[in-house]
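Q: Chain by chain, the residues run as shown.
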Amino acid sequence: MSDSDSGPGPFSDADPAIRLDDVSLSLGGHSILDSVSVDVGEGTFVGLIGPNGAGKTTLLRTLNGALAPDEGSVRVVGEDVHALSSKAASRLVATVPQTTSVTFDFPVRDVVEMGRTPHRGRFEGWRERDDAAVESAMRRTSVESLSDRPVTEVSGGERQRVLIARALAQETPVLLLDEPTASLDINHQVRTLELVSDLVADGTTAVAAIHDLNLAAHYCDALVLLSGGRILSAGDPAAVLSEEHLREAFDAEAVVSRHPVTGSVYVTALPPSSDDANGRVHVVGGGGTGARALHLLSAAGYALSAGALNEGDTDAEAARRVGADLVTVPPYSPVDDAARAAVESRVEAADVTVVADVEVGDGNLANLEAAAEADRLVLVEERPFSERNYAGDDGFAVYERLRERGTIVEPSDLLSVVGELACDSFRERDDGADGTVDGGAGSGDADTGANDAESTHDDAGGDDTAADLFSD
Amino acid sequence: MSVRTRATTWSLGLSGLLLLVVVVSAGIGAVTIPPRTVAAILADAVPVPVGISLGGATVLPILGSVPTPTLEFVSPFAFSVPRPARIIVLSVRLPRILLAALVGFALATAGTVMQGFFRNPMADPSIVGVSSGAAVGAVATIVLSLSIPFGLEGAAFVSAVVTAFVVYLLASENGRTPVATLLLAGVAIQTFLGAVISFLLLQSGESLRQVVFWLMGHLAGATWSEVGMLTLVLPLPFVVLLVHARDLNVLLLGEEDAHALGIEVERTKQLLLATASVVTAAAVSVSGVIGFVGLVVPHMLRLLVGPDHRVLLPASALAGASFLVATDTVARSGGAEIPVGVVTAAVGAPFFLYLLRTREVRSP
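First to last, the protein sequences are chains D and B.
Its first residue numbered 1, the first sequence is counted upward by one per residue in my numbering.
Its first residue numbered 1, the second sequence is counted upward by one per residue in my numbering.
These are computed hints drawn from the structure, not numbers from a lab.
Treat the hints with caution; some may be incorrect.
[What the hints assert, rightly or not] If you anchor each label on the Cβ, the simulated ranges turn out as follows: (1) B:Thr191 / D:Gly72: 25 to 33 Å; (2) B:Asn174 / D:His211: 47 to 55 Å; (3) B:Ser11 / D:Gly156: 47 to 55 Å; (4) B:Arg267 / D:Ser142: 46 to 54 Å; (5) D:Asp131 / B:Thr223: 50 to 58 Å; (6) D:Thr152 / B:Val92: 45 to 53 Å; (7) D:His211 / B:Arg267: 28 to 36 Å; (8) D:Leu84 / B:Thr223: 28 to 36 Å; (9) B:Glu264 / D:Ser183: 27 to 35 Å; (10) D:Ser183 / B:Val239: 39 to 47 Å.
[What the hints assert, rightly or not] Take a look, some chain D residues computed to stay more than 10 Å from chain B by CB distance: (11) Lys87; (12) Thr95; (13) Asp105; (14) Asp110; (15) Met114; (16) Thr117; (17) Trp126; (18) Glu344; (19) Tyr390; (20) Glu400; (21) Arg403.
Using N, Cα and C, we set each Cβ at its ideal position, and we do this for glycine too.
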């Protein structure tokens, strides 16, 4: 792919594929880029991430020479892009635009052939090497079959590939892509980025503005996080995508974990102000049995806590991903007294406690015992308890207590039952705060059996004080 | 089929069509002359250079008397044709027909370039105010009885080019000329010049009829000198445009893309705009404002040959020539002479609406 003089080879500090040195740029009096300096090594795939208006597209337009910086310099394989003619610059940098205005219905092949423009003299004919470049670009992007179709009539994903083919026909050492996955379906997103990865493996240097942080983390060798025209962080995806950086750049609460399948850094944005808005729910799970409940309840806007779980447990990962307040114990260790106390305090703080269809052994029996103290308890049952009890008679005894006090639901009913119980809890809390006693009778009607036995325990928290008032 | 082959094929075909239209048109009029006779007259009239002779001598200041190289022509054919027919065709009809062909060629060329330049199939050659500018120059010359070198045509040409330049300056900022701004500046200036023309019309008095005739677009009274003028002016800009056909193709993808593909966008835009404006101004200054040729012909040809300007530009130019010769024949063959602009609009508008309804006209 590289017909540049740098040739394929290891990344050398002396002559990186792209070197931005202290680049500043204002448009219409607004500073868009502010002292941006970054080096991109040859044969790397760099993702440009950041919120809308952070300067990603502007940075790309500075890289291909469309915009000249007010200060600083942009060097591509050692050459100052803005000192070159447009033609010379287009032999170094190819750009795949986000969209292209295709008013006139050129056949796909003609559009790809336009990629040869920077290599052709005005009076020069079409040469064999032009044909070779065009054909190889079309093969790479699998658009050969579209060759004669008007570019106005191909689908969005196909058009994206045509534009990539056009850029490949330029045979440049550096490839820029502006939101290559925007407006593509999930299959085409992946195919596009796989294609770019392949090109990078062959020695091309690619810089792409990417909105989807998880795709960026998965495919890019390095990320550059822009915020307000400055580089907030640059380097390894795992280091750039920290919760702290995301909060600062996007002003959003996000949870960073590892994707269970790909192992890439995985970012989940949380809805704003989820704190207690709908109520708190504690989930007792393990081995993946609680993951669904955690995701479901998180999506429904509950503040979550979970545990105790072994570090590394699937549910622990799920809990982290949804930003739950998590109690953990080391891998393969039983729930010790400290953890049990921590769980008890979470259960007490929660409006509703959910016990998933979890397998119970001596190690995690303490979780169930803690859950038995809950005011409002929901048991998700998919299998009979006997099939998942490894704690013998103790297990049956504790579970029997849970069943007596809790509401037993099918997985599909979980959300509606939790919603009802949380409402119930809210009403009591409000009434308690108001000091009115009249609401008590009404709240009893809505009981689904969870708080009949409420008076038997726990007189600590304010919630319970309120509850006790009605339990006469 | 390669682009070059397609361009050549279409150009040859449409040249043939043009020749046919010219021959048929030259036979139509108050006196009907059969096409065979016309063909014979034309063949007789075509001079064939056979050699260079150093016949006469020119006296130059320093070198003294120098033999002048002169091309020797012979007419290889000597068909016997009645003299009146020969005079009617060569002196009366042919100047007008050739002028129509040249004006049609120019307007269709400029229209094709402007539609590509503005990335809008609805653009026409006068979109940056060239026609209004020419009209102001011409009308002012008539109404104010100005006497200027090169007369009416000169005034119209200069004011047309100046107008286009003013519109360009108004739309430019920091060395960039956004196409949308250019379009709006063109509309504003056209409106303003429209007011100037209306004002001049009010002052026109006796010359009103002459002014209106000019404004409607006309080819009557065409002379060999006008034909010669356009023959001199048009080839260079046309070749310049043809050489930039590939750049125009890339510009169709949008300026950002064109830049990324190595086009010097602003410089190319300047060149295309200036050249297309000169071509339009040359046509308008001799024939007045003839509408629809520059709009309909490129559009029609784009449907036929596709959007590639390397093929479209010559094809459109030749088709424009045939179109205007044909419509002008209709204009002059009726009982009373109708301005050709009326005929092109009357033929062009319904045809354009037909295109609009039957084919999907894409606008950005």
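Q: Looking at Glu400 (chain D) again, its CB stays over 10 Å from all of chain B?
A: 71 Å, holds
Q: Just to be sure I understand the hint, the distance between the Cβ atoms of Thr152 (chain D) and Val92 (chain B) should be within 45 to 53 Å; is that true here?
A: 48 Å, holds
Q: Given a hinted range of 47 to 55 Å, is it respected by the beta-carbon distance of Ser11 (chain B) and Gly156 (chain D)?
A: 37 Å, violated
Q: Could you see if the CB distance from Asp131 (chain D) to Thr223 (chain B) stays within 50 to 58 Å?
A: 51 Å, holds
Q: Would the non-interface assignment of Thr95 (chain D) survive a Cβ cutoff of 10 Å against chain B?
A: Contrary to the label, Thr95 (chain D) does not stay out of reach of chain B, its closest Cβ about 4 Å off (not over 10 Å).
Q: Examine each Cβ of chain B, and state whether all of them lie more than 10 Å from the Cβ of Glu344 (chain D).
A: 62 Å, holds
Q: If I claimed the Cβ atoms of Leu84 (chain D) and Thr223 (chain B) lie 28 to 36 Å apart, would that claim hold in this structure?
A: 52 Å, violated
Q: Can you let me know if the beta-carbon spacing of His211 (chain D) and Arg267 (chain B) is within 28 to 36 Å?
A: 35 Å, holds
Q: For Thr117 (chain D), is the shortest CB-to-CB distance to chain B above 10 Å, so the non-interface label stands?
A: Incorrect as stated: the minimum Cβ-Cβ distance to chain B is 5 Å, not above 10 Å.
Q: Checking the smallest CB distance to chain B, is Trp126 (chain D) really beyond 10 Å?
A: Trp126 (chain D) is in fact no farther than 10 Å from some Cβ atom of chain B, at 8 Å.
Q: For the range 25 to 33 Å, tell me whether the beta carbons of Thr191 (chain B) and Gly72 (chain D) fit it or not.
A: Given a distance of about 45 Å, which is not inside 25 to 33 Å, the answer is violated.
Q: Against chain B, does Asp105 (chain D) hold up as non-interface, every C-beta pair farther apart than 10 Å?
A: At roughly 6 Å from the nearest Cβ of chain B, Asp105 (chain D) sits no farther out than 10 Å, so the non-interface label is violated.
Taken one by one, the earlier hints fail for this structure at numbers 1, 2, 3, 4, 8, 11, 12, 13, 14, 15, 16 and 17, listed in ascending order.
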